[in-house]
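> Here's the letter readout for the chains.
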Amino acid sequence: EPEVTQTPSHQVTQMGQEVILRCVPISNHLYFYWYRQILGQKVEFLVSFYNNEISEKSEIFDDQFSVERPDGSNFTLKIRSTKLEDSAMYFCASSSGTSVRSLFFGPGTRLTVL
Amino acid sequence: AQSVTQLGSHVSVSEGALVLLRCNYSSSVPPYLFWYVQYPNQGLQLLLKYTTGATLVKGINGFEAEFKKSETSFHLTKPSAHMSDAAEYFCAVSAFSGGYNKLIFGAGTRLAVHP
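Chains A and B, in that order, are what the protein sequence lines are.
The opening position of the first sequence corresponds to residue 50 in the working numbering, with each subsequent residue numbered one higher.
The opening position of the second sequence corresponds to residue 16 in the working numbering, with each subsequent residue numbered one higher.
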């Protein structure tokens with residue numbers, strides 16, 4: 050069964066450093082998403098991406114965040130200058146269409162900012 | 016705007032007892048509803064989903080949920096709890112925004128199962 054994969058599973062970084070979280074969506078999917086879950090809190094939508102551009106972003110997704118599909122297979126989330134409050138589990142998801150009926154989540158990357 | 020409320024941040028049941036996790040939603044359009052489970056230090060696993068059709072939806076691991084439009088509810092049940100069901104459960108509703116769907120999650124319910 051096809052699945053969304055994410056690397057690394059755990060990333061530790063110092064405050065102020067840049068991090069790139071990587072995702073490989075399911076191969077025939079066209080819509081890509083990042084969600085975030087701060088420890089003990091709800092899962093929150095960050096951004097959706099289609100046709101090489103952001104289609105929607107939440108208020109969390111400020112100028113420190115960016116997304117990219119650099120090579121047609123990977124989908125990345127970059128945080129330019131990490132803050133302590135960026136510590137969270139980051140989930141990538143992809144879907145074949147606009148409907149969430151076809152939405153699949155990856156296993157997540159746990160980001161720890163020290 | 017869509018929203019989800021999960022009643023009870025913690026639920027504790029005995030092994031073999033009925034599991035009932037409550038979810039109420041708010042949506043201005045016909046909703047798609049989902050239950051996800053998250054085991055410790057793991058990702059989100061889809062348990063079941065309601066999109067259209069039959070209002071009683073069966074999922075994995077013996078769970079089921081019933082969409083009740085009149086009550087704006089989508090409660091998750093399992094007739095007999097197993098120790099392995101201990102996890103965090105999230106209810107979610109789809110939010111249609113600008114042609115691109117996204118999920119709005121509830122705050123989660125942590126299920127504990129004791130012998």
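Hints may be right or wrong, so weigh each one.
Okay, the calculated beta carbon distance ranges per label pair [said to hold, decoys possible]:
#, chain 1, residue 1, chain 2, residue 2, range
1, A, Pro-51, B, Gln-57, 31 to 39 angstroms
2, B, Gly-23, A, His-59, 39 to 47 angstroms
3, B, Lys-83, A, Glu-67, 43 to 51 angstroms
4, B, Ile-75, A, Asp-112, 13 to 21 angstroms
5, B, Ser-95, A, Asp-120, 42 to 50 angstroms
6, B, Ser-99, A, Ser-151, 23 to 31 angstroms
7, A, Ser-122, B, Glu-81, 33 to 41 angstroms
If you are wondering where the hints come from, they were derived from the structure by calculation, not from laboratory data.
Values in this document were obtained by computation on a predicted structure and should not be read as measured data.
Glycine residues also receive a C-beta, built at the ideal position from the N, C-alpha and C atoms.
> In ascending order, which of the hints set out earlier in this document are inconsistent with the structure?
Of the numbered hints, 1, 2 and 4 do not hold.
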